[in-house]
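Undergrad: So you can see what is in the structure, the chains are spelled out below.
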Amino acid sequence: MPTVAASLPISVFRNREQARDYSAFGGVLRSEIDFPELSTSDNGAEPDWTLRVERGDPPPRTVTPLGKRQIREERYELFQIPDGFRLVYSHAGTFDISGDGGSIVWYDHREAVPELVRSIVLGPAISLALELAGFLCLHGSAVVIGEAAIAFVGPKHFGKSTLATALATAGARLVGDDLLVVSSGRPATVRPGVSSVRLWADMAAALPLRTVCNTLIPGVKTTVTGFAHEALAVRPAMLGTIYVLSPVTNDAAGRVAWRKPLAPSEATVALAHQTKLPASLVGLRAAGSQLVAAAAVAATVPVWTLHPVRDVARLGDLVRQIIEWSCVE
Amino acid sequence: MIIVSGMHNLSLDTAVCASPQQVSCDVADEAVLLSMRDGEYYGLNEVGASIWRLIQRPRTVLELRDLLLEEYEEIEASECERAVVSFLTEMIALKLVDVV
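Note that the protein sequences, when read in sequence, are chains A and B. Numbering-wise (my numbering), the first sequence opens with residue 1 and increments by one. Numbering-wise (my numbering), the second sequence opens with residue 330 and increments by one.
Hints were generated in silico from the structure; no laboratory data involved. A virtual CB, placed ideally from N, CA and C, is assigned to each residue, including glycine. There could be a bad hint or two in this list.
Claimed, not checked - One-sided and incomplete, this derived list gives chain B residues near chain A with beta-carbon spacing under 7 Å:
1) VAL356
2) VAL361
3) MET365
4) VAL429
Chain A extracted, bound-state conformation (with noise of 0.2 Å):
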C-alpha cells in the first residue's frame, strides 16, 4: 500500500468545499480548520469571515511595515498591502486579511502547531477584522451578571480569566476570554466571544468547573470548555463596568480586594493601553483610531482600578466581593 499520509493535509483542515460555520464574536466564521473551540453555527446566514488555507510560500506583495511585536522566541510583524493587511508570525506562518477584515487566509506553515493557528485566528487576525469593522478589542474576559456585562481587562497573568471562570461557577455567564469585542454606543455593549477559557493548573484545580463545564483539556494551561448553555452569554450584553486589574500580594486592612474610578480621560488612555492589538503592532495611525473608540466606551462606561488579592483561598470572597459591587450599580 503506498504511502500518502506525509502529503495529506493535517486532520485539522477541511477541503475547501467541507468548509464548516462557527459561531462567534457575534458573526458567524467560515473555515477551513477545525475550531473545537466554538459552537458550529447552522442557521444558513452568509459569512462574516472566511478563513481559507493555502498551501506554500504567501505571494510576494508590496508591503508597507505597521509594527512587530516580539514575545520570547516568537516576532509577529504587520504590513500593509494593496488590499489589506499581512500578518506574518515567525512560528505559524503568513496570513493575509483583507482591506474589509472579510476574508482572512492563512499561508499553511509547516511546523505550525494548530493550537497556536487557531488562537492567532481569534486573536489577533480577527481582532484585526473587527477593528477594521469599529469595534473596540479588548484583551480582556468578562461575564454577565443579570442584565449587564463586568469585564476584566490586564496584562497577562493578572487573573482576567480565573475571575471570569470563578464567576461563571458562581452563576454569571461567560461572555468570551482572552478577547473582548466591545461596540460604543448607549448602551456600550460586548459580543459573546469564544466559549472556552485557558486556566493555570493551580486555578483550574481550585475551581469547581465541572459545575460549568464538561471537558478539560491538559496543557501549559488548562482549556475549559463545553459550557453549559445557561452558563454562556449567547447574545451582545450591555456593558455595565470595566475593571482594569492590577492584583495585590496582600492588603493591611485585610480586604480581598478594592477598587477606585478612574477619571474619563484615564479611563480611555486605560482602555487604550489594553486593546488586543498594541500600537506597536498595528502602528500608530490604528493606535489612534483605536484611542477615539476607546473614548466612547469610557465615556458611557463606569471603569475603575481593581485591586484583587492574590489568594487562591480567598477566590471565593472575591467573587462574592465583585457580585455584591455588581448589584449596588
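Assemble chain B onto chain A, guided by the hints.
TA: Coordinates of chain B only, in the frame set by chain A:
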C-alpha cells in the same frame, strides 16, 4: 499617561497651534491625546481640554487668555495668563503644540 503641567516664558503675542502629529478626542469635559511622534498618551483636564480645543487653529497667548477669562469668570487675568503659559510651554516641549 502624563498629566501636563509646567512653567516657561512665552510672550502674549506668541501664536500657537495644535501640532498635526497627534490624535486627540474629547472624553466628557476632558481630552486625551496620542502623540504620533512617540506613541505616548497624554491626558488633559477640563481647563487643558478647553485650551486644546481653542488651539485647533492658530491663536496668540493673549487671545487664549481672554477667551478663557470669558469661560472661567472667577479667575484673575494674571493667574489665567500664568496657567496658559505654563500649559503651552509644556505642550510645546512635548511637541504637541507648535509655535506658528
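Undergrad: So, for every hint listed, does it hold in this structure?
TA: Evaluated hints:
no., hint, result
1, VAL356, "4 Å, holds"
2, VAL361, "5 Å, holds"
3, MET365, "5 Å, holds"
4, VAL429, "22 Å, violated"
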